[in-house]
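S.K.: We have chain A already, so just place chain B with the ligands on it with the hints.
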Amino acid sequence: MTVSSPSEGGGVPASRPDAPGRLASAGRMLVDAAEWFGRYIWSGWVGLAGLLCLAAAWQAGHEIYGSFILPAPLETIQVLLGLLQGPELARAASETAWRALTGFLLAAGIGTLAGAIAGYSFAAMRIMRPIVTVILGVPPIAWIVLALIWFGSSGGAAVLTVVLASFPISFAGALEGVATRDRALDAMARSFGASALTRFRSVTLPHLLSYLFPAWTTTIGSAWKVTVMAELLSNSGGIGGELATARALFDIPLVMAWIVLVVAFALISEYGVLNPIREMTERWRSAGLPWGVKR
Amino acid sequence: MMPHEKAKLVLQDVGHSWLGRTVFEGFDLVLRPGEVVALVGPSGCGKTTILQIAAGLVEPLRGRVYRNYRRHAVVFQEPRLLPWLTTRDNIAYGLKVSGCAASRRHAIAAARALEVGLDPEDLTKYPVELSGGMRQRAAVARALAVEPDVVFFDEPFTAVDVGLRRVLQDLVIAAAARAHFSALFVTHDLAEAVRVAHRLIVLSAIDGRVVDQRIIAGEPGTRDNRAIFDIVESWSHEAVFAELFDADRRVSA
Ligand SMILES: Nc1ncnc2c1ncn2[C@@H]1O[C@H](COP(=O)(O)OP(=O)(O)OP(=O)(O)O)[C@@H](O)[C@H]1O
Ligand SMILES: [Mg+2]
Numbered sequence: 001m002t003v004s005s006p007s008e009g010g011g012v013p014a015s016r017p018d019a020p021g022r023l024a025s026a027g028r029m030l031v032d033a034a035e036w037f038g039r040y041i042w043s044g045w046v047g048l049a050g051l052l053c054l055a056a057a058w059q060a061g062h063e064i065y066g067s068f069i070l071p072a073p074l075e076t077i078q079v080l081l082g083l084l085q086g087p088e089l090a091r092a093a094s095e096t097a098w099r100a101l102t103g104f105l106l107a108a109g110i111g112t113l114a115g116a117i118a119g120y121s122f123a124a125m126r127i128m129r130p131i132v133t134v135i136l137g138v139p140p141i142a143w144i145v146l147a148l149i150w151f152g153s154s155g156g157a158a159v160l161t162v163v164l165a166s167f168p169i170s171f172a173g174a175l176e177g178v179a180t181r182d183r184a185l186d187a188m189a190r191s192f193g194a195s196a197l198t199r200f201r202s203v204t205l206p207h208l209l210s211y212l213f214p215a216w217t218t219t220i221g222s223a224w225k226v227t228v229m230a231e232l233l234s235n236s237g238g239i240g241g242e243l244a245t246a247r248a249l250f251d252i253p254l255v256m257a258w259i260v261l262v263v264a265f266a267l268i269s270e271y272g273v274l275n276p277i278r279e280m281t282e283r284w285r286s287a288g289l290p291w292g293v294k295r
Numbered sequence: 001m002m003p004h005e006k007a008k009l010v011l012q013d014v015g016h017s018w019l020g021r022t023v024f025e026g027f028d029l030v031l032r033p034g035e036v037v038a039l040v041g042p043s044g045c046g047k048t049t050i051l052q053i054a055a056g057l058v059e060p061l062r063g064r065v066y067r068n069y070r071r072h073a074v075v076f077q078e079p080r081l082l083p084w085l086t087t088r089d090n091i092a093y094g095l096k097v098s099g100c101a102a103s104r105r106h107a108i109a110a111a112r113a114l115e116v117g118l119d120p121e122d123l124t125k126y127p128v129e130l131s132g133g134m135r136q137r138a139a140v141a142r143a144l145a146v147e148p149d150v151v152f153f154d155e156p157f158t159a160v161d162v163g164l165r166r167v168l169q170d171l172v173i174a175a176a177a178r179a180h181f182s183a184l185f186v187t188h189d190l191a192e193a194v195r196v197a198h199r200l201i202v203l204s205a206i207d208g209r210v211v212d213q214r215i216i217a218g219e220p221g222t223r224d225n226r227a228i229f230d231i232v233e234s235w236s237h238e239a240v241f242a243e244l245f246d247a248d249r250r251v252s253a
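So the protein sequences, as listed, match chains A and B. Position 80 (the first sequence) corresponds to 80 in full-length UniProt numbering; numbering is contiguous. Position 78 (the second sequence) corresponds to 78 in full-length UniProt numbering; numbering is contiguous.
These aren't lab readings, by the way, just hints derived from the structure by calculation. Heads up, the beta-carbon is just placed ideally off N, CA and C, and yes, glycines get one too. It is possible that part of the hints are untrue.
To be verified - DEER-style ranges, computed between Cβ atoms:
{"id": "1", "chain 1": "A", "residue 1": "SER286", "chain 2": "B", "residue 2": "PRO120", "range": "19 to 27 angstroms"}
{"id": "2", "chain 1": "B", "residue 1": "VAL167", "chain 2": "A", "residue 2": "ILE135", "range": "55 to 63 angstroms"}
{"id": "3", "chain 1": "A", "residue 1": "SER210", "chain 2": "B", "residue 2": "GLY44", "range": "31 to 39 angstroms"}
{"id": "4", "chain 1": "A", "residue 1": "ILE141", "chain 2": "B", "residue 2": "ARG21", "range": "50 to 58 angstroms"}
{"id": "5", "chain 1": "B", "residue 1": "PRO120", "chain 2": "A", "residue 2": "THR198", "range": "24 to 32 angstroms"}
Claimed, not checked - Computed from the model, here is a short list of chain B residues facing chain A with C-beta under 8 angstroms:
{"id": "6", "residue": "ALA55"}
{"id": "7", "residue": "ALA73"}
{"id": "8", "residue": "LEU82"}
{"id": "9", "residue": "PRO83"}
{"id": "10", "residue": "TYR93"}
{"id": "11", "residue": "VAL128"}
Stated by the list, open to error - One side only, chain B facing chain A, incomplete, derived with CB under 8 angstroms:
{"id": "12", "residue": "PHE76"}
{"id": "13", "residue": "TRP84"}
{"id": "14", "residue": "VAL97"}
{"id": "15", "residue": "TYR126"}
{"id": "16", "residue": "GLU129"}
{"id": "17", "residue": "VAL146"}
With the rest of the complex left out, here is chain A:
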């Protein structure tokens, strides 16, 4: 007679999914995806309506204060379209985008990983919390000054500033998410012999994501802003550099055009990338809403 743990021993023999079944389920998934995409575009119209309201207010401000203080939206768009013809937009935008995205990925990656470790380990949390609080306490502008000294006028200053200014947000989100995981569900998973990795994937991660997405959204937004700020102050090209030049020339429509471009990038990264991913992973949440899950 052997002493065995219930998690070992043979499972239900795995059978290969039959081909027609797989085809049908793939078809269903395709239809689902198309439906979901349609809904997403449709909800985009509502967002667009909000943006147009903002544009109307901008136009009103322009009519009150005149072109020198606030150029008209249309004029700005024309300048922006003009910029699209030249080479400097592509160069500046790609520089800024590369720095902002690198900064975002590093900040979100480091913050999430450290936060998750702190959430699992009480000792790690005790050590890391004060460090993060100190880093958070240093104003971003001070990081720019320090990064300028360390990196000079290169993109590194912008990236470092983004990372230091925004990784605490992901850290706090991941820490909170892991610390508030449902231990009862974890015990349920353990009772079926689920490994630590399986339990993380199926029990902790879905819960953690609802803490991470708001943190990541804030991080990507501030990544663009901080990058432009660092570029402007460190004179290291990018959109920030172009802004500095336009300001020196007192070319207000050009300033506005660059600002609109940065805002567009921030909007695209939030509504075009992060939000669709969030919607896909958190479909179950809408099941609890009064109008139910959309099928």
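M.R.: Below, chain B with the ligands alone, put in the same frame as chain A:
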């Protein structure tokens, strides 16, 4: 070395303390194949702790646990469904953990859902869209889906109404008879214990001692309401059950 050759599960001289406070000492249990053992006792006497130790969720501080089976499943007091999975995926969760292919586990989940009285359209719903009773049905289906050799029930039906409780008890009795699994069934309710179990263990509130063990006459499922009522009625006057009913009165007061 397993002390009892045929037993599925043996707890030998098990004791446990939480934060230095001893809950129980020297607890022995032998669970034979196909046997349903009910564990009754007043609130806080350590029933859940014993069940968690038996199910391997908690390491006992003293004593040994011997297991001689392939797999087990636990039905908790709360449904403990994963809110981000549909009913189908929740029922199939244990199968997924053990590496069963998607099409096969979906088929098994659908069959089990039907057995516990869920409708096919409930399969695509998320737990928030189910009633409390439906969630507990799904939790029972999830446990039975892995074809366990031993099932641990921790007061599984305390939160459901009396009518549904009967239905779910009958379901467990039928499943145990069909699949021939052994079960440890923790409950507060003497009538429930008498309905579902072969054997009864009564724990004391004071030190978690076993104050009594008895065989319940007849097979589960063959006892009618009258017989169950008579057994409960005659036992409830005995001293060993006094504590149980006292505690119940304390809770309801
Ligand atoms: N995780 C824990 N940490 C600390 N103490 C615990 C823990 N779990 C249980 N206890 C304590 O152990 C004792 C027994 O608890 P247990 O949950 O086993 O009782 P029970 O018999 O299942 O009660 P009930 O019928 O109310 O569910 C209680 O005094 C409780 O406070
Ligand atoms: Mg309990």
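S.K.: Now look at each hint and say whether the structure bears it out.
M.R.: Status of each hint after checking the structure:
1. Checked against the hint of 19 to 27 angstroms, the C-beta distance between A:SER286 and B:PRO120 comes to roughly 22 angstroms, which is consistent with it.
2. At about 58 angstroms, the beta-carbon gap between B:VAL167 and A:ILE135 stays in the expected band of 55 to 63 angstroms.
3. As the Cβ distance of A:SER210 to B:GLY44 is approximately 34 angstroms, the hint placing it in 31 to 39 angstroms holds.
4. For the pair A:ILE141 and B:ARG21, the supplied restraint of 50 to 58 angstroms holds, since their beta-carbon distance comes to about 55 angstroms.
5. Evaluation of the 24 to 32 angstroms hint for B:PRO120 and A:THR198 yields a pass: the beta carbon distance comes to about 28 angstroms.
6. Checking B:ALA55 against chain A by beta carbon gives a least distance of about 6 angstroms; that is within 8 angstroms, so the hint holds.
7. For B:ALA73, the interface hint holds, the least distance from its beta-carbon to any beta-carbon of chain A being 7 angstroms, beneath 8 angstroms.
8. Among the interface hints, the one on B:LEU82 holds; its C-beta lies about 6 angstroms from the nearest C-beta in chain A, closer than the 8 angstroms criterion.
9. Residue-level restraint check for B:PRO83 holds (minimum Cβ-Cβ distance to chain A is 6 angstroms; threshold 8 angstroms).
10. With its C-beta approaching chain A no nearer than about 7 angstroms, B:TYR93 sits inside the 8 angstroms limit, and its interface hint holds.
11. For B:VAL128, the suggested interface contact is upheld, since its CB lies about 4 angstroms from the closest CB of chain A, less than 8 angstroms.
12. Given hint, B:PHE76 at the interface with chain A, holds; its Cβ is 7 angstroms from that chain's nearest Cβ, closer than 8 angstroms.
13. At its closest, the beta carbon of B:TRP84 sits 4 angstroms from a beta carbon of chain A; the interface hint therefore holds under the 8 angstroms criterion.
14. Because the smallest distance between the Cβ of B:VAL97 and any Cβ of chain A comes to about 5 angstroms, under 8 angstroms, the interface hint for this residue holds.
15. Satisfaction of the interface hint for B:TYR126 is found here, the shortest Cβ-Cβ separation to chain A being roughly 4 angstroms, below the 8 angstroms cut-off.
16. For B:GLU129, the shortest C-beta to C-beta distance to chain A is roughly 6 angstroms, which falls under 8 angstroms, so the interface hint holds.
17. Restraint check, B:VAL146 versus chain A: the minimum CB separation of about 7 angstroms is within 8 angstroms; hint holds.
Going through the hint list in order, the structure satisfies each hint without exception.
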